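So the sequence lines, in the order shown, correspond to chains H and G. Each residue of the first sequence is one higher than the one before, starting from 1 at the first, in the working numbering. Each residue of the second sequence is one higher than the one before, starting from 1 at the first, in the working numbering.
It is worth saying that the hints were derived from the structure and are not from the lab. Note that this is a predicted model, so its numbers are computed, not measured. Backbone N, C-alpha and C define an ideal beta-carbon position, used for all residues, glycine too. Treat the hints with care, as some may be off.
Over 12 Å on every C-beta distance to chain H, these chain G residues come out as not near it, computed from the model [said to hold, decoys possible]:
1) 114
2) 175
3) 211
4) 338
5) 424
6) 473
7) 476
8) 480
9) 490
10) 521
11) 524
12) 527
13) 566
Selected chain G positions facing chain H (in silico; Cβ < 7 Å) [to be verified]:
14) 28
15) 207
16) 219
17) 226
18) 227
19) 352
20) 355
21) 356
22) 531
Listed next, with one range per pair, are the computed distances between beta-carbon atoms [claimed, not checked]:
23) 336/G - 74/H: 21 to 29 Å
24) 409/G - 16/H: 24 to 32 Å
25) 574/G - 69/H: 34 to 42 Å
26) 37/H - 238/G: 40 to 48 Å
27) 551/G - 41/H: 47 to 55 Å
28) 41/G - 41/H: 24 to 32 Å
29) 405/G - 76/H: 32 to 40 Å
30) 265/G - 69/H: 39 to 47 Å
31) 48/H - 486/G: 41 to 49 Å
32) 53/H - 420/G: 43 to 51 Å
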Amino acid sequence: MANENSRLQVHREHHEMVPVWFFIGILLLFYGIVILGAGLLEYHHLPAVVLARYHANVWGGTLLILIGFPFTARFYPHRNRMGSKSAILTKKNAREGDNLAHTESVSTGRDRWPAV
Amino acid sequence: MPLAAMHLTEAIAALVQPNDRLISLTPLDLLIVTAYFVMVLGIGIYLKRYARTSGDFFMAGRDMSAWVAGLSFLSANLGALELMGWAAATYQYGILAAHFYWIAAFPAMVLLGLVMMPFYYVSNTHSVPGYLQLRYGGATRALSGVSFAFMTILMSGINMYAMALVMKVVLGWNLHFSIWASSLTVAVYVALGGLYSAIFNEVLQFFLIWLGALAIPVLGMIEAGGWAGLVAKIHEHVQGDYVHLWAPLSTFSGNPMGVHWTGVVFGVGGAIACGYWTTDFLVVQRAMAAKDLRSAKLAPIIAAYFKMLVPAIVILPGLLGLALLPLKLVPESMAAPGLHSYNEVLPLMLARYCGPGLLGLGITALIAGFMSGMAGNVSAFATVWTYDIYQPHIFKSGTDRHYLRVGRWCTILGVVASIGTAYLVTHFKSIMDYMQALVSFFIAPLFGSVIVGMFWKRATPKGGFWGLLIGTLSSAAMYTLVLIDPDMLRYVALSPDAKPMAENMYRAVWSWLMCVLVTIAVSLVTAPKPDIELKNVVYGLTPLPDDREIPLYRRPIFWAAGVAVVFATLQVVFW
Chain H
1 MANENSRLQV HREHHEMVPV WFFIGILLLF YGIVILGAGL LEYHHLPAVV
51 LARYHANVWG GTLLILIGFP FTARFYPHRN RMGSKSAILT KKNAREGDNL
101 AHTESVSTGR DRWPAV
Chain G
1 MPLAAMHLTE AIAALVQPND RLISLTPLDL LIVTAYFVMV LGIGIYLKRY
51 ARTSGDFFMA GRDMSAWVAG LSFLSANLGA LELMGWAAAT YQYGILAAHF
101 YWIAAFPAMV LLGLVMMPFY YVSNTHSVPG YLQLRYGGAT RALSGVSFAF
151 MTILMSGINM YAMALVMKVV LGWNLHFSIW ASSLTVAVYV ALGGLYSAIF
201 NEVLQFFLIW LGALAIPVLG MIEAGGWAGL VAKIHEHVQG DYVHLWAPLS
251 TFSGNPMGVH WTGVVFGVGG AIACGYWTTD FLVVQRAMAA KDLRSAKLAP
301 IIAAYFKMLV PAIVILPGLL GLALLPLKLV PESMAAPGLH SYNEVLPLML
351 ARYCGPGLLG LGITALIAGF MSGMAGNVSA FATVWTYDIY QPHIFKSGTD
401 RHYLRVGRWC TILGVVASIG TAYLVTHFKS IMDYMQALVS FFIAPLFGSV
451 IVGMFWKRAT PKGGFWGLLI GTLSSAAMYT LVLIDPDMLR YVALSPDAKP
501 MAENMYRAVW SWLMCVLVTI AVSLVTAPKP DIELKNVVYG LTPLPDDREI
551 PLYRRPIFWA AGVAVVFATL QVVFW
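Kindly produce the complete structure, drawing on both the sequences and the hints.
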């Protein structure tokens with residue numbers, strides 16, 4: 001029982017992990033803002049590149065913001081800290097730990113289909 | 001493995017001149033690069049709190065969703081060495097280079113997802129050598145474990161050196177600065193967060209690579225005037241068929257690559273792609289980190305879709321370079337000051353269209369690709385060393401905390417060894433060619449061992465060991481033979497018109513066959529393992545969960561069928 005509670009505690013904490021999508025969102029949002037800003041600043045003084053008239057920085061910066069902002073907003077940490085009840089219940093069916101203290105001489109086998 | 005990238009260092013090294021650079025970065029670009037370094041270090045520091053057991057550190061707690069596992073699965077392979085190498089190969093050989101993306105996605109990745117992943121996952125193994133331990137015993141595990149550990153450190157060092165050299169030539173950065181700055185960053189974030197960090201940064205890298213390189217195909221196609229315009233411009237510059245996938249492959253001499261369709265189908269699609277994508281632990285580890293079997297099966301299938309899209313940012317820039325660059329790129333052996341080699345086509349296209357801002361993003365994407373390559377290799381090395389060498393052979397009775405500490409130290413020592421390898425390559429540049437060849441020796445035979453072991457109960461431990469060993473040695477022998485006498489290629493590839501690119505394809509086929517035949521032959525005269533020891537490891541003794549009660553659109557096989565449809569469509573469109 002103590003091990004079960006400990007495992008549930010670990011999985012609950014892992015479920016509170018800020019997802020990778022948030023980090024992606026915040027970086028892309030930052031990039032989008034600086035690149036769009038640069039694109040607007042250079043709007044009338046184009047860089048010496050081919051097809052500069054297409055203002056690639058403006059389009060690119062806008063695209064980065066359009067991707068970064070929803071990711072940041074959707075996966076902002078306060079939305080993910082509590083975790084859903086169903087997710088914790090799903091974790092109850094999680095396998096035994098993969099810790100190396102268990103030897104690997106015979107496969108233990110696992111049914112990996114989710115409980116729901 | 002990027003075959004064309006084998007000459008990357010030689011090409012770029014020939015152009016190294018103090019203060020000679022292709023691209024100058026502005027403060028804005030440097031801000032973008034710096035932000036990336038800050039982010040990856042921050043991610044590593046953040047994730048340390050979640051890497052508290054060996055399962056967390058080495059297998060990311062087996063907690064990854066299908067999307068995260070799938071994108072990192074692809075990104076683990078999609079490094080900058082790969083991107084630049086295949087863009088270069090496209091400039092040299094045309095659209096034929098796309099085979100290494102499309103025929104790799106199907107059937108190899110689908111094979112892994114639908115057929116092999118259930119065995120890897122249900123067996124509860126932590127690595128591919130671990131699976132070999134369950135199937136064939138300790139000797140085979142040790143053979144593959146030692147070779148894999150060795151290869152990952154070499155590849156990590158190659159990535160590090162290649163990045164430093166690219167940064168020196170493209171940006172004028174000091175070689176030592178690039179090596180140390182990147183390796184210390186990788187050491188910190190992987191030692192702290194383990195596979196969590198590696199996976200998070202690979203998914204981040206995926207987005208950066210796509211967004212950083214996107215300007216090239218978009219603006220390039222506008223400049224070229226669409227596909228028809230691109231084809232017309234290519235024909236103005238070169239003779240031969242550079243824009244068809246299969247039509248020129250009926251003869252070795254009928255295409256720029258000098259290969260036959262049998263080599264592409266059986267060599268690339270069969271032995272090489274299946275060997276790499278189903279047994280290279282660096283990529284398979286990502287799928288194994290999935291939270292359940294369905295996610296583990298879906299991860300390579302999700303990756304297959306994006307794999308088929310990658311030519312848009314790798315192959316297409318190569319074709320656009322061929323069509324639009326005002327200067328003609330040359331082979332590595334002819335590179336000199338004032339001339340640019342094939343390997344510079346991607347940075348040249350980046351500089352062509354991207355001003356300050358997007359240029360910094362593109363350079364960051366290349367740096368991210370190199371660093372992810374290092375991080376992936378180092379984390380895989382730490383896993384294989386700790387699970388498959390240290391724990392079974394050196395110290396069996398440690399606590400989990402002990403193995404976690406070993407894993408962290410292993411990561412740091414792995415990075416140090418990689419730095420050593422990188423400096424070794426600076427003095428002996430041909431080592432890079434030999435390292436790439438070394439990797440190729442193991443891939444196809446390992447696939448043979450694993451696939452026979454998964455589906456043939458009668459395969460014995462001795463059969464598995466000798467098959468893997470003989471298959472590997474036969475690959476090394478063929479390579480050495482052609483190296484000593486290039487005319488021997490006609491026997492390996494079965495044609496006097498075969499060119500060097502064909503050697504890897506046919507060598508993979510023969511070494512795979514050798515491994516399978518030896519495994520079968522030795523198994524027939526030696527004793528198999530009892531069924532009880534093969535439970536959950538072999539087809540027929542593994543109760544695989546039935547997914548028929550799940551809606552069709554949620555089943556991996558549905559999405560795998562989609563991969564097949566997209567693959568077939570691409571072959572027809574670009575025939």
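Comparing the hints with the structure gives:
1. Every CB of chain H is more than 12 Å from the CB of residue 114/G (nearest about 14 Å), matching its label as outside the interface.
2. For residue 175/G, the condition that its CB be more than 12 Å from all CB atoms of chain H holds, with the nearest at approximately 27 Å.
3. With 12 Å as the threshold on Cβ separation, the claim that residue 211/G sits away from chain H is violated: the shortest Cβ distance comes to roughly 6 Å.
4. No Cβ of chain H comes within 12 Å of the Cβ of residue 338/G; the nearest lies about 20 Å off, and the non-interface call holds.
5. For residue 424/G, the requirement that its beta carbon stay farther than 12 Å from each beta carbon of chain H is met, with the minimum near 32 Å.
6. Chain H leaves residue 473/G outside its interface by the beta-carbon criterion, the shortest separation being 28 Å against a cut-off of 12 Å.
7. Distance check on residue 476/G: its Cβ is at least 29 Å (rounded) from any Cβ of chain H, clearing the 12 Å threshold; non-interface status holds.
8. Here residue 480/G stays apart from chain H, with its beta-carbon at least about 36 Å from theirs, past the 12 Å limit.
9. The Cβ of residue 490/G lies farther than 12 Å from every Cβ of chain H, with a closest approach of about 44 Å, so its non-interface assignment holds.
10. No beta-carbon of chain H is positioned within 12 Å of the beta-carbon of residue 521/G; the least distance is around 27 Å.
11. The non-interface label for residue 524/G is consistent with chain H: the shortest C-beta to C-beta separation is roughly 25 Å, beyond 12 Å.
12. Distance to chain H confirms residue 527/G as a non-interface residue, since its nearest Cβ pair spans about 18 Å, more than 12 Å.
13. No Cβ of chain H approaches the Cβ of residue 566/G within 12 Å, the least distance being about 23 Å, so the stated non-interface status holds.
14. Evaluation of the residue 28/G hint against chain H yields a held restraint, the C-beta minimum of about 6 Å falling below 7 Å.
15. Among the interface hints, the one on residue 207/G holds; its C-beta lies about 5 Å from the nearest C-beta in chain H, closer than the 7 Å criterion.
16. A distance limit of 7 Å between C-beta atoms decides the matter here; for residue 219/G the minimum to chain H is near 5 Å, and the interface restraint holds.
17. Checking residue 226/G against chain H: minimum C-beta separation of about 14 Å lies over 7 Å; hint violated.
18. Below 7 Å, beta-carbon pairs count as interface contacts, and residue 227/G has none with chain H, the closest being about 18 Å; its hint is therefore violated.
19. A distance limit of 7 Å between C-beta atoms decides the matter here; for residue 352/G the minimum to chain H is near 5 Å, and the interface restraint holds.
20. About 3 Å separates the beta-carbon of residue 355/G from the nearest beta-carbon of chain H, less than 7 Å, and the hint is met.
21. For residue 356/G, the interface hint holds, the least distance from its beta-carbon to any beta-carbon of chain H being 6 Å, beneath 7 Å.
22. The interface hint given for residue 531/G is violated, since its Cβ lies 12 Å from the closest Cβ of chain H, which is over the 7 Å cut-off.
23. Here the CB-CB span from residue 336/G to residue 74/H is close to 52 Å, at odds with the stated 21 to 29 Å.
24. With their beta carbons about 28 Å apart, residue 409/G and residue 16/H fall inside the hinted range of 24 to 32 Å.
25. Separated by about 36 Å at the C-beta atoms, residue 574/G and residue 69/H satisfy the suggested range of 34 to 42 Å.
26. Here the CB-CB span from residue 37/H to residue 238/G is close to 41 Å, well matched to the stated 40 to 48 Å.
27. A C-beta distance of roughly 51 Å is found between residue 551/G and residue 41/H, which places it inside the suggested range of 47 to 55 Å.
28. Evaluation of the 24 to 32 Å hint for residue 41/G and residue 41/H yields a pass: the beta carbon distance comes to about 29 Å.
29. Our hint of 32 to 40 Å for residue 405/G and residue 76/H holds, since their Cβ atoms are close to 34 Å apart.
30. One distance hint, 39 to 47 Å for the beta-carbon pair residue 265/G and residue 69/H, holds here, with the actual separation near 45 Å.
31. Remark: the range hint 41 to 49 Å for residue 48/H to residue 486/G is upheld by a beta-carbon distance near 45 Å.
32. Checked against the given bound of 43 to 51 Å, the beta carbons of residue 53/H and residue 420/G, roughly 49 Å apart, stay inside it.
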